[in-house]
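Could you put the whole structure together from the sequences, leaning on the hints where they help?
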Amino acid sequence: MEKEKIIVGIDIGTTKICVIVGRINEFEKVEILALGKTDSLGVSRGVVANINKTVTAIERALDIAEAKLNDNEFEINEVYVGIAGQHISSRQNRGILTRKDTDSEISESDIGKLIDDMYRLMLDPGERIIHVLPQEFLVDNEPGIKDPIGMPGVRLEANFHIITGQVAAAKDIHRCVEKAGLKVKDLVLEPLASADAVLSDEEKEAGVALVDIGGGTTDIAIFQDNIIRHTAVIPAGGNIITQDIKEGLHILEKYAERLKVEYGSAIPLREMEQEVVTIPSLRNRPPKEISLYSLAQIIRERVIDIIDQVYYEINTSGYQKRLLGGIVLTGGGAQLRHLAQLVELRTGIDARIGCPSEHVNKSVVEDICHPMFATGVGLIIHGYNAEKDRKRKLEGVEVEHTAQAPQTTFTVKGSQTRNWWKTLTNKVKDFLEEDVDDFKS
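Following our numbering, the numbering of the sequence shown begins with 941 at its first residue and continues without gaps.
What the hints contain is simulated information worked out from the structure, not anything from laboratory work.
Please note that a few of the clues may not be correct.
[To be verified] In silico DSS-like links for lysine-lysine, alpha-carbon gap of 30 Å or less:
{"no.": "1", "residue 1": "K1125", "residue 2": "K1086"}
{"no.": "2", "residue 1": "K1086", "residue 2": "K1328"}
{"no.": "3", "residue 1": "K1053", "residue 2": "K1331"}
{"no.": "4", "residue 1": "K1333", "residue 2": "K1111"}
{"no.": "5", "residue 1": "K1228", "residue 2": "K1186"}
{"no.": "6", "residue 1": "K1123", "residue 2": "K1111"}
{"no.": "7", "residue 1": "K1125", "residue 2": "K1261"}
[To be verified] Restraint ranges, calculated between C-beta atoms of paired labels, are given here:
{"no.": "8", "residue 1": "L1061", "residue 2": "R1210", "range": "50 to 58 Å"}
{"no.": "9", "residue 1": "A1326", "residue 2": "K993", "range": "23 to 31 Å"}
{"no.": "10", "residue 1": "I1004", "residue 2": "R1095", "range": "52 to 60 Å"}
Note that the structure is predicted; figures quoted are calculated from it, not measured.
Each residue gets a CB set at the ideal place from its N, CA and C atoms; glycine is no exception.
The structure is reproduced here in structure tokens:
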């Protein structure tokens, strides 16, 4: 019996490596089947720094995911992999095509010729093109066309958003995945994958800035009129906040990370002045008491620095006054309490936390609605759209090449609605009400 077709996404992050498995069900929706997550020990700021450690982590996450699948029914061979890091850059370029057959309508092959030309651009040594994203088209000098397929015309022009990265970084990702026994089907820029998972068509139409806060980097993608307008990578994320806590409070890194996750806040509140957490000290030394107010002050300074860099990129894009959808925060760093409120205070732009789904089945995939899994779920959606396009091409059906990827929803069997933000807030509140000595365990 032939094994069922599945889609697998691998998010190789600075703090975690995540394998998410999904499939297309009978209703043409993406259904999440399994999740495998493990610590990432060989990645620094989104770039592979140690191949052997990264391969080991991928294999461990893969084993966890496969253990949740029926091996007789599913088989993991090909994967979609996210790519990020401060080596990522973007540029704008225009392509022009003069059509010889003036009697026929503009077709998908004409769009393909323009895209192929973009892949021939001269790049700096060591760079490669990761994505060529059409923004808008011009037909016989008529601007503002999103989808020219089916239109008559002689001169076809297009504005493209081109995303590039280092060849060495991409090769290292390929090498790690292949050593784990898998084949890379496509490399996908992580903020684009996250955008597919957490943004709605309405937000992309109105104008929205996606801010994906990872462990080593903060990735930005700005959309307007359903078109990708700007991308950027800031070389700072959740890990640098942990480092600040470690140095500011003179504690071990593992305690700094736990303090950030369980008690951290982006805004110091006066009621925190009376709250103290006790943590273990080094051998033969008394436990150390940490003021939650002091902790929040340290976090606030670093978060403001990251927010200011994000706001600079938004201003650079020229769309700061056109983001009706505001700022959507996702990634593991988005779990920090009061982060959205601080972003609003600092930028004057509405902000919300973006999760990949409001419907999860905890018995199938635990906590899949957490923002840290936005990239992994987005890779599944990207793979789903790619499979649909490939199938249509095989069937001889024209595929629309608008700048917007087809919007895909997904379901999980036995789905259950869950408000992640409320759950996190209540959880932290419960922590604050517990005896601080419990932290010693």
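Hint check:
Simply put, K1125 and K1086 have alpha-carbon atoms about 28 Å apart, close enough for the 30 Å limit, and the pair holds. Proposed proximity of K1086 and K1328 is supported: the alpha carbons are some 20 Å apart, at most 30 Å. A C-alpha spacing of about 20 Å is found between K1053 and K1331, which places the hinted pair at or below 30 Å, so the restraint holds. With a CA separation close to 29 Å, the supplied pair K1333 and K1111 stays within the 30 Å bound.
Only pairs whose Cα atoms come within 30 Å are accepted, and K1228 paired with K1186 is accepted, the gap being roughly 13 Å. Distance restraint check for K1123 and K1111: the Cα-Cα separation of roughly 13 Å lies within the 30 Å cut-off, and the hinted pair is therefore satisfied. With a CA separation close to 38 Å, the supplied pair K1125 and K1261 exceeds the 30 Å bound. At roughly 55 Å, the beta carbons of L1061 and R1210 sit within the given window of 50 to 58 Å.
Checked against the given bound of 23 to 31 Å, the beta carbons of A1326 and K993, roughly 30 Å apart, stay inside it. A C-beta distance of roughly 54 Å is found between I1004 and R1095, which places it inside the suggested range of 52 to 60 Å.
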